[in-house]
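Colleague: This is what each chain is made of:
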Amino acid sequence: GAVVSQHPSRVICKSGTSVKIECRSLDFQATTMFWYRQFPKQSLMLMATSNEGSKATYEQGVEKDKFLINHASLTLSTLTVTSAHPEDSSFYICSARDFRGLIETQYFGPGTRLLVL
Amino acid sequence: AQSVTQPDIHITVSEGASLELRCNYSYGATPYLFWYVQSPGQGLQLLLKYFSGDTLVQGIKGFEAEFKRSQSSFNLRKPSVHWSDAAEYFCAVAPPGGYNKLIFGAGTRLAVHP
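Here the protein sequences line up with chains A and B, keeping their order. Residue numbers for the first sequence, in the working numbering: 21 to 137. Residue numbers for the second sequence, in the working numbering: 400 to 513.
Isolated chain A (complex conformation) (with noise of 0.2 Å):
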C-alpha cells in the first residue's frame, strides 16, 4: 500500500514555542490530506481537512490561528502548532487520499508525538 510519512516522529518542546509537523506522501499525490489528534486512550479526532493549494477547513472548537495547516504541494502538508502550551500534548497523526485505485483509499501516517513542558 501507499506510505504517509510524518517527522518527527517525537518532539519535547517549551511551553511558549512553535512546533512544525510535517505530513508526506511518498509515492502518491495527495490533493487532501487530514489532521487528527489522539489524546492517550482516546480515538482519533479531526482536527482539519488540509487542501492542496487552498486553505484548510478546521473543524468546530479547533482554532486556526493555534494550528496552522499548510498544504503548499501535493506531497506535503504541514501542521504547525503556535505558542504550544501542556495542554497542546498529543499524539497528531495525519492521512492522505489516494484516489488512484477505483476505490478511493486513505493511509494514515506513524504519528508524531507531541509534549509541551
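Bear in mind the hints are in silico, worked out from the structure with no lab data behind them. Some hints could be false.
To be verified - Listed next, the in silico SDA-like pairs over lysine to any residue satisfying Cα-Cα at most 25 Å (straight line):
id	chain 1	residue 1	chain 2	residue 2
1	A	75	A	137
2	B	500	A	42
3	A	61	A	96
4	B	500	A	71
Fit chain B to the known structure of chain A by using the hints.
Modeller: Here is chain B on its own, set in the frame of chain A:
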C-alpha cells in the same frame, strides 16, 4: 448525530481463540465502514472496508467483518488470534461517497494471552 460505538473498551483472548469486536453506528444513511488497527505508538493501518455489495468483507491479516444493516453493526472477526494481533482496533464511518470525514469509535484494546 453521527456516531460510532465500540462497546468493549478492552478484550483479552487466548492465542488461537476466535475473536469478535463489536461496532455499532448511528448514521442517516448507510455510511462507508472501516476497521483500522493501531499498534502502540504507531499510526493506523486499514484492515478492511465496506462500501457496498457483499456484506461479508475480507481484509488483511485474516480478519473479516460483516455489515448488518438491520442492526447498524459492522463487527470484526478473526477465527484464530495470534499474539501479534494485540493492538488497538478502531471502527470508523464516513459519509457514503467519500472519505471527507472519518468518524472513529473509541477503540477496543485487544490483549492476547499465550
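Colleague: All the hints need checking, so say for each whether the structure fits it.
Modeller: We went through each hint and held it up to the structure:
no. : hint            : in the structure
1   : A:75 with A:137 : violated (30 Å)
2   : B:500 with A:42 : holds (21 Å)
3   : A:61 with A:96  : violated (28 Å)
4   : B:500 with A:71 : holds (13 Å)
The structure fails to meet hints 1, 3 from the earlier list, while all remaining hints are met.
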